[in-house]
Amino acid sequence: MTQRIVTAAALDKLVAEWAKSGAVYAPVKVKDWTEFRRISSLAEADLTRVNTKLSAKGLVFPQCETMFRFETNRPDKAEEVAQPGAQVVLGVRPCDAAGIAVLDEFFTGQGETDAYYQRRRERTVLVGLSCDAPADTCFCSAVGGSPAGTSGLDLLLTDVGGKYVAEPLADRGAALVDGMPEATAPDLAKKAELAGKAAAAMADRIDTRKLKGLLDAADGHPIWEELSLPCVNCGACTFICPTCHCFDMTDETRKGKGARIRVWDTCQSCMYSQHASGHNPRLAPAARFRNRTMDKFRYTVDMVGEVSCVGCGRCIRECPAAIDIRETVDVLLRQLSQSDAMQNADCKMQKSK
Amino acid sequence: MSREAQLRKRARELLADKCVVMVLGYRPAKREGAVQPAFITRPEDADALVFDDRCGMNLAAYLPRVKHLGRIAVVAKGCDSRSIVGLLKEKQVARDQLVILGVGCEGVKENGRLSDACTTCAYPNPVICDEMLSDNAPERKPAADPLAEFEKLTPDERWQALADDVARCIRCYACRQVCPNCYCPTCFMDASGPQWVGKTTADSDNMMFHLMRAMHMAGRCVECGTCSRGCPMGIDLMKFNRKVAKIVKERFGAVAGLDPDEPPALAAFDPNDKQEFIR
Chain B
1 MTQRIVTAAA LDKLVAEWAK SGAVYAPVKV KDWTEFRRIS SLAEADLTRV NTKLSAKGLV
61 FPQCETMFRF ETNRPDKAEE VAQPGAQVVL GVRPCDAAGI AVLDEFFTGQ GETDAYYQRR
121 RERTVLVGLS CDAPADTCFC SAVGGSPAGT SGLDLLLTDV GGKYVAEPLA DRGAALVDGM
181 PEATAPDLAK KAELAGKAAA AMADRIDTRK LKGLLDAADG HPIWEELSLP CVNCGACTFI
241 CPTCHCFDMT DETRKGKGAR IRVWDTCQSC MYSQHASGHN PRLAPAARFR NRTMDKFRYT
301 VDMVGEVSCV GCGRCIRECP AAIDIRETVD VLLRQLSQSD AMQNADCKMQ KSK
Chain C
354 MSREAQLRKR ARELLADKCV VMVLGYRPAK REGAVQPAFI TRPEDADALV FDDRCGMNLA
414 AYLPRVKHLG RIAVVAKGCD SRSIVGLLKE KQVARDQLVI LGVGCEGVKE NGRLSDACTT
474 CAYPNPVICD EMLSDNAPER KPAADPLAEF EKLTPDERWQ ALADDVARCI RCYACRQVCP
534 NCYCPTCFMD ASGPQWVGKT TADSDNMMFH LMRAMHMAGR CVECGTCSRG CPMGIDLMKF
594 NRKVAKIVKE RFGAVAGLDP DEPPALAAFD PNDKQEFIR
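Chains as they are written, first to last, in the working numbering: chain B, 1 to 353; chain C, 354 to 632.
Where hints are given, some of them may not hold.
In silico lysine-lysine, BS3-like type, Cα no more than 30 angstroms apart, as pairs [as the list claims (entries may be wrong)]:
{"id": "1", "chain 1": "C", "residue 1": "Lys627", "chain 2": "C", "residue 2": "Lys602"}
{"id": "2", "chain 1": "C", "residue 1": "Lys505", "chain 2": "B", "residue 2": "Lys210"}
{"id": "3", "chain 1": "C", "residue 1": "Lys462", "chain 2": "B", "residue 2": "Lys31"}
{"id": "4", "chain 1": "C", "residue 1": "Lys494", "chain 2": "C", "residue 2": "Lys602"}
{"id": "5", "chain 1": "B", "residue 1": "Lys31", "chain 2": "C", "residue 2": "Lys627"}
{"id": "6", "chain 1": "B", "residue 1": "Lys31", "chain 2": "C", "residue 2": "Lys505"}
{"id": "7", "chain 1": "C", "residue 1": "Lys362", "chain 2": "B", "residue 2": "Lys29"}
{"id": "8", "chain 1": "C", "residue 1": "Lys420", "chain 2": "C", "residue 2": "Lys362"}
{"id": "9", "chain 1": "B", "residue 1": "Lys29", "chain 2": "C", "residue 2": "Lys592"}
These are computed hints drawn from the structure, not numbers from a lab.
Taking the hints into account, I'd like the entire structure generated from these sequences.
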């Protein structure tokens with residue numbers, strides 16, 4: 001689709017226009033970070049920071065969502081809650097958008113479709129913003145993403161100096177910038193140059209295929225004990241993660257009336273895997289730590305064909321024990337390769353006997 | 354010998370002599386400028402240890418998790434040592450299973466600034482230790498009472514100030530998990546039969562969590578600030594901690610984490626209690 005030019009003034013007008021027909025969300029400065037908040041004009045947004053405190057996940061998969069209401073003495077009757085309204089999310093970084101693309105796979109890609117997710121997602125338009133200055137915790141290009149990645153987006157804006165190159169990726173994205181002037185060859189060259197520079201500032205590509213192979217055989221490996229020692233098993237990494245999507249359901253009832261609410265859950269909590277029988281297969285902290293790493297680089301590859309770490313770096317930034325998933329991966333690749341090699345050597349020795 | 358050289362030397366010796374099975378300290382994290390807890394078990398790894406003003410996490414929180422391994426040596430600042438006193442008092446660790454390596458602390462830095470909790474620290478040096486790795490740090494002049502503004506507010510305004518802050522809570526429980534006081538096998542927050550507190554992030558649920566946690570900290574919290582620094586959402590948890598500690602000091606004359614033999618302020622009975630109802 002034709003890439004267009006949107007000046008800052010034009011974007012200001014567009015935001016005002018979008019805000020008339022639905023909610024517009026964008027990063028807004030809060031204390032010394034940014035969070036997605038509803039805005040009515042572009043002036044309220046802060047598009048200069050790399051990553052918001054929480055990812056954009058909560059806008060399509062809220063931390064708490066009422067699914068339906070009920071009366072305790074009327075088990076046959078459930079009252080639907082109102083449909084979510086239309087929303088435009090402006091300033092989504094490519095890693096967050098890639099995260100939403102992963103959520104799309106989980107909730108709507110195969111098997112049962114999650115109606116609650118789907119209806120919100122269908123009414124959400126994602127307007128991305130390319131990164132030109134990654135943070136020291138960013139590593140999207142190391143896990144297959146890009147500072148100008150388009151996965152999950154309807155439209156990608158790239159700041160090329162006082163104006164944006166707008167790349168439509170879906171019809172509804174194209175509709176947003178319909179009538180804007182076409183981007184010129186120098187504009188597009190500038191955009192490519194910025195993306196290249198930003199990618200170069202990040203770590204080398206992680207061999208995720210090799211890692212997946214190693215993890216397939218690493219369930220009982222002693223490395224997990226060692227790696228998990230600093231982990232306090234809080235849920236910070238999972239809640240701020242753009243792709244972690246586990247939820248719990250809870251009924252809140254009062255005077256015969258109730259609501260079924262789903263809330264984010266975390267595999268780091270020992271209650272997550274508590275069985276009704278009293279048995280808990282993942283009681284050990286190391287097992288919980290292992291689960292999250294395995295989920296990102298092994299289980300989701302089996303389920304949806306790609307790793308579910310998008311390299312946003314939030315877990316590195318917010319971990320109270322400064323655990324760095326890049327280091328975890330480094331150690332796993334190094335140590336599991338070694339033990340793999342040792343096992344192979346053992347096999348050969350046995351065969352030669 | 355520098356503090357860090359002394360730390361590495363003693364860690365190496367304690368492990369080589371099999372006095373301890375693990376030295377709990379700090380090491381540089383992969384991210385430039387960050388440190389993380391280190392769990393050193395081999396003498397040759399002792400050189401990984403560092404100690405400086407980035408070492409803010411309260412290592413006492415790990416003791417109940419690693420105590421089954423055997424005797425542990427732990428690097429302790431003033432606040433860490435007070436948390437250890439709390440764990441001893443509550444019989445969570447045994448004194449003879451610890452080797453406390455004390456360090457004088459000049460305060461923890463966050464983004465180049467003195468961490469909020471450290472601005473009111475009255476105990477920069479260990480209150481209990483087996484050996485000091487450094488000289489005592491100079492006593493710090495505590496900042497003006499950070500509660501002064503808060504206490505000027507009306508009860509409604511106070512409620513609103515706390516509510517505005519905890520509205521950001523995502524209930525990840527990082528505050529609970531990094532806290533040396535929070536070692537319960539099942540937290541009241543996780544209990545499901547009955548479920549004491551709602552699981553949503555509605556204002557009432559968030560406030561309930563933070564107020565109940567504050568009550569559970571009364572007479573126990575040493576105001577180390579690890580929860581405030583660990584909170585991914587930047588909630589001012591020290592406001593709760595300071596207020597509760599202040600009330601306990603005023604009403605019970607007790608300061609947490611100073612004396613392992615002193616009964617816990619809110620878990621002891623005194624027939625001479627000045628409150629009528631308790632007699």
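Checked hints:
1. Lys627(C) - Lys602(C): holds (15 angstroms)
2. Lys505(C) - Lys210(B): violated (61 angstroms)
3. Lys462(C) - Lys31(B): Given pair Lys462(C), Lys31(B) holds - Cα atoms ~18 angstroms apart, limit 30 angstroms.
4. Lys494(C) - Lys602(C): holds (19 angstroms)
5. Lys31(B) - Lys627(C): With a Cα-Cα distance of about 44 angstroms, the restraint between Lys31(B) and Lys627(C) is violated, given a limit of 30 angstroms.
6. Lys31(B) - Lys505(C): The hint holds at about 23 angstroms.
7. Lys362(C) - Lys29(B): violated (47 angstroms)
8. Lys420(C) - Lys362(C): Given that 30 angstroms is the threshold and the Cα spacing comes to 23 angstroms, the pair holds.
9. Lys29(B) - Lys592(C): The given pair, whose Cα atoms are some 23 angstroms apart, holds under the 30 angstroms limit.
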